[in-house]
Amino acid sequence: MDRQLVQRSQRGDLEAFSQLVEAHQDAMYHLAWKMLGSPTDAADVVQEAFLRALRGLGEFHGKSSFRTWLYRITVHCCLNHLRHRQRRPEAEYFDEVAHTEAGGGEIRLQGQVPRPDTAAELGDLRAAIDAALGELSPGHRLTFVLREYNGLSYKEIADVTGVSLGTVMSRLHYARKRLQQLLVEFKPEVC
Amino acid sequence: MKNSPTSPKGRDAPASEELRLHAYADGELAPGEASALEERLAADPELRSRYEQILALRRVVEADRAVLPPYRGPRPWAVPLSGTELVAPEWRQWLIPFREAVAALLSPAWARVAAAGVAFLAAAAMGLRQGQAPGIPAVAATSAGVAVLSVELPEAGTGVCMMQVPEENLTVLWVTGLTYPSLVGPGPAEEAPS
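As given, the protein sequences belong to chains A and B, one line each in that order. Counting with my numbering, you get residues 14 to 204 for the letters of the first sequence. Counting with my numbering, you get residues 2 to 195 for the letters of the second sequence.
Treat the hints as calculated values from the structure; they're not laboratory data. Here the structure is a predicted model, which means the values were calculated and not measured. Errors might be hidden in some of the hints.
Unchecked claim - Selected chain B positions facing chain A (Cβ under 8 Å, derived; list incomplete):
(1) 24
(2) 50
(3) 62
(4) 69
As the list claims (entries may be wrong) - Each pair of labels, with its calculated beta carbon distance range:
(5) A:23 with B:18: 18 to 28 Å
(6) A:151 with B:56: 37 to 47 Å
(7) A:17 with B:36: 36 to 46 Å
(8) A:71 with B:45: 26 to 36 Å
(9) B:33 with A:194: 46 to 56 Å
(10) A:26 with B:53: 22 to 32 Å
(11) A:89 with B:70: 35 to 45 Å
(12) B:35 with A:78: 34 to 44 Å
(13) A:148 with B:67: 21 to 31 Å
(14) A:89 with B:45: 13 to 23 Å
(15) B:44 with A:23: 50 to 60 Å
For every residue, glycine included, the Cβ atom is placed at its ideal position computed from N, Cα and C.
Please put together the full structure from these sequences, using the hints given.
Right, dumping it as structure tokens:
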């Protein structure tokens, strides 16, 4: 189905492009959210990714699936966003995120990165997971999120990220080990 | 890994047995290898414990993944080429009087000129707010009557203005990435994190 919609989109049919996006927008949004730890930033990045896809449709020749291509664009936008974020003081950034995502001040982690243990004390599983993911390197985080949140196979992850299957497996192993340590307080609750 | 078993390389690579355990948990192990591993899991409590840890983490993540809200952000790509409808009501309310006024005042021949003027004024306004010289750094694409104007602003990121310029009408489709409410109007409400 994607192929026909892509062909129509390449002829300028924005309705076809809209249908393509409808089919993939939630997956891209969840990927961006877990990569960036912020639904607000994720919405911005997804917008940017889809606009890039719209502008780049003419250069898409179908060597990979449209889905894989869209994942690559979204990953590229996420990594760009992270690079820009690094230019800002980290404490300032997370202070702002915690304030925004707590509805304007319910949970404000002043001047510090929300460590998983702090978030766990607040009883917020999502905050703890997002913070724990933030402890991973972008490469490990990306591999884990593509696998566990987006359900991609090892081969698909390798295609999207441009690394070997062995690297995918190794990163996944490391990411899980680290997350098991960081999220240990939540296991009894969920198991 | 089902079709091409892979062994990690490098001195720091984890043991291949550990990787096989993860691949098994992910359903990526070839059937023969999976059967062999299942026998070992039944006989080795320590290995079984490590496998259970992988599954426990997955349950934690699944509890989060299952309730992630769908994307509710702006959808600038979901604009019909007719330009008569916009997806976000807030934007529609803001744009309709603007579009009608322009359509009433301008002849079709002036539509393209007006589009360029609006784009330039938007860029100029943003540049002046930033104390920069006004300018239009990039017109990223024009196709199917849609122009995408990209403006780089110091400390404000990239703004994108999409405009449609058909023969008989002029429509600003979307302005995004900007921090100038007076210029772009209110955006759609964000999905509140749960």
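Hint by hint, here is what the structure shows:
1. 24: Holds, because the Cβ-Cβ distance from residue 24 of chain B to chain A comes to roughly 7 Å (cut-off 8 Å).
2. 50: violated (12 Å)
3. 62: Check passed: Cβ of residue 62 of chain B comes within 5 Å of chain A, closer than 8 Å.
4. 69: holds (5 Å)
5. A:23 with B:18: 18 to 28 Å: violated (47 Å)
6. A:151 with B:56: 37 to 47 Å: Violated, at about 26 Å.
7. A:17 with B:36: 36 to 46 Å: Roughly 41 Å apart at Cβ, these two residues keep to the hinted range, so it holds.
8. A:71 with B:45: 26 to 36 Å: violated (55 Å)
9. B:33 with A:194: 46 to 56 Å: Distance hint for residue 33 of chain B, residue 194 of chain A is violated at roughly 33 Å.
10. A:26 with B:53: 22 to 32 Å: This hint is violated: roughly 50 Å between Cβ atoms.
11. A:89 with B:70: 35 to 45 Å: violated (24 Å)
12. B:35 with A:78: 34 to 44 Å: violated (27 Å)
13. A:148 with B:67: 21 to 31 Å: For residue 67 of chain B against residue 148 of chain A, whose Cβ atoms are near 23 Å apart, the range 21 to 31 Å holds.
14. A:89 with B:45: 13 to 23 Å: 42 Å Cβ-Cβ, so the 13 to 23 Å window is violated.
15. B:44 with A:23: 50 to 60 Å: holds (56 Å)
Hint compliance for this structure: hints 2, 5, 6, 8, 9, 10, 11, 12, 14 are broken, all remaining hints hold.
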